[in-house]
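**Q** Sequence:
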Amino acid sequence: GRTLRVRLAAHAAAIRVTQLPPLVSNELLHLAFSSFGTVERAVVSADDRGRSLNEGIVEFARKSSSQAALKKCQNECLLLSATPIPVVVTPLESRDEEEGVLEKSVLHAADYRLERELGPRFADPGSMEWEMARKWKQLADIEAQKREAMESEFRDLRDGLHQQMELLKVEERTRQLRQQLRQMEGESQKLCQERESRLEGERRREEQRRQTELLLRQQEEALLRRASDQDIGQLRRQESELRQQANALQQLLDRQEAALRSMSDGGVGAVALQPQLDLTSYQQNNQSTLAQSGNQFLSSMRPQMAPQNVMQSVQHNLPPQHAVPQHAPPPPPQQQWRGGGQQMNHSFNKRNRRF
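255 is the number that the UniProt record's numbering gives to position 255 of the sequence shown; each next residue is one higher, with no gaps.
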């Protein structure tokens, strides 16, 4: 028939987290401490208006997880957001604010009787109790003032630290921007160097191409000059040969004319016919020889010299009476015979008039 009272034990794997940033939620707190183990509950304390009190409670499933989180956060700095303010982790102290302390649970010792001799009352002014109570109140006021001054000093320190933190952020951002600018300048210089090297390579290749073309042009001109010199030499040799042949023909004609003048009337026709036939055959042979020489010369000459110009140059170098006809066929033997007879008659008439 006795009533058994049970007092709930404190959570052995719970920790208190203070100095939280103002924008931390229950979910973010749960995510931050889930790396140490399984989290049963994570709550950020708030006032009656729902604003964060910058502290919270995290309950783990195992005590080893809470001990690991406590040790890790004490040795290192755990940041929950972009604000570089580390959280402070301490063991959770449980408080019974529901049942409290019952009269039955108070120990009735000697001190109990002394304390309970006088009940609740207000101290009478001027009495010893009133004087002692005033001193305790003054001490509490001094403590509150010092706490307020200390809190104000700590607030100033926090504000200064926030300003310093903002300056450090600006400096860090400036340093990062400068580093990015240096990287961009380095990349730009690298691109400029690559472009200059590419342009230099193109200029070098263009110069090599020009030099190669100039060398090929010089070699071609040298070959053309050499071929022209060879052609001119060959032409001169052929011209010399033609001149020799023309001179030989002139000498032969002179001898025949001298022989005709010295011959008599009876043997004039036969003697004149034979030289005239020899002359015709010689002209035909000479014409075939000239044609062969001209063909050889034209095959060795460049395309800019036409065959007509070659034949004209050859005929220009020959004497007028021995120029080779280009298209006219040799005269028939009868006309040659008549021409020879007229020449012989003319020569005999002159001889008869002389005698």
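Hint data in this document are derived by calculation from the structure and do not stem from the laboratory.
Being a predicted model, the structure only gives us computed values, none of them experimental.
Any given hint could be a false lead.
Distance condition first, Cα-Cα at most 20 Å in a straight line; then the derived EDC-like pairs of lysine to aspartate or glutamate [as the list claims (entries may be wrong)]:
#1 Lys137 <-> Glu153
#2 Lys63 <-> Glu98
#3 Lys71 <-> Glu55
#4 Lys190 <-> Glu200
#5 Lys104 <-> Glu93
#6 Lys190 <-> Glu202
#7 Lys137 <-> Asp156
#8 Lys63 <-> Asp48
#9 Lys71 <-> Asp96
#10 Lys71 <-> Glu59
#11 Lys169 <-> Asp159
#12 Lys104 <-> Glu117
#13 Lys72 <-> Glu59
#14 Lys72 <-> Glu55
#15 Lys135 <-> Asp124
#16 Lys146 <-> Asp156
Restraint ranges, calculated between C-beta atoms of paired labels, are given here [what the hints assert, rightly or not]:
#17 Glu151 <-> Leu31: 27 to 33 Å
#18 Glu98 <-> Leu139: 27 to 33 Å
#19 His162 <-> Ala61: 49 to 55 Å
#20 Tyr112 <-> Leu161: 35 to 41 Å
#21 Leu161 <-> Ala68: 43 to 49 Å
#22 Ala68 <-> Glu143: 35 to 41 Å
#23 Thr3 <-> Leu161: 26 to 32 Å
#24 Glu27 <-> Pro125: 54 to 60 Å
#25 Glu151 <-> Tyr112: 34 to 40 Å
#26 Ala140 <-> Leu53: 21 to 27 Å
#27 Leu53 <-> Leu31: 18 to 24 Å
#28 Glu171 <-> Gln193: 29 to 35 Å
C-beta atoms are modelled at their ideal positions from N, C-alpha and C, and glycine is treated no differently.
**Q** Under the constraints set out in the numbered hints, which ones does this structure not fulfil?
**A** Result: hints 1, 2, 5, 7, 8, 9, 19, 20, 21 and 23 break, sorted rising.
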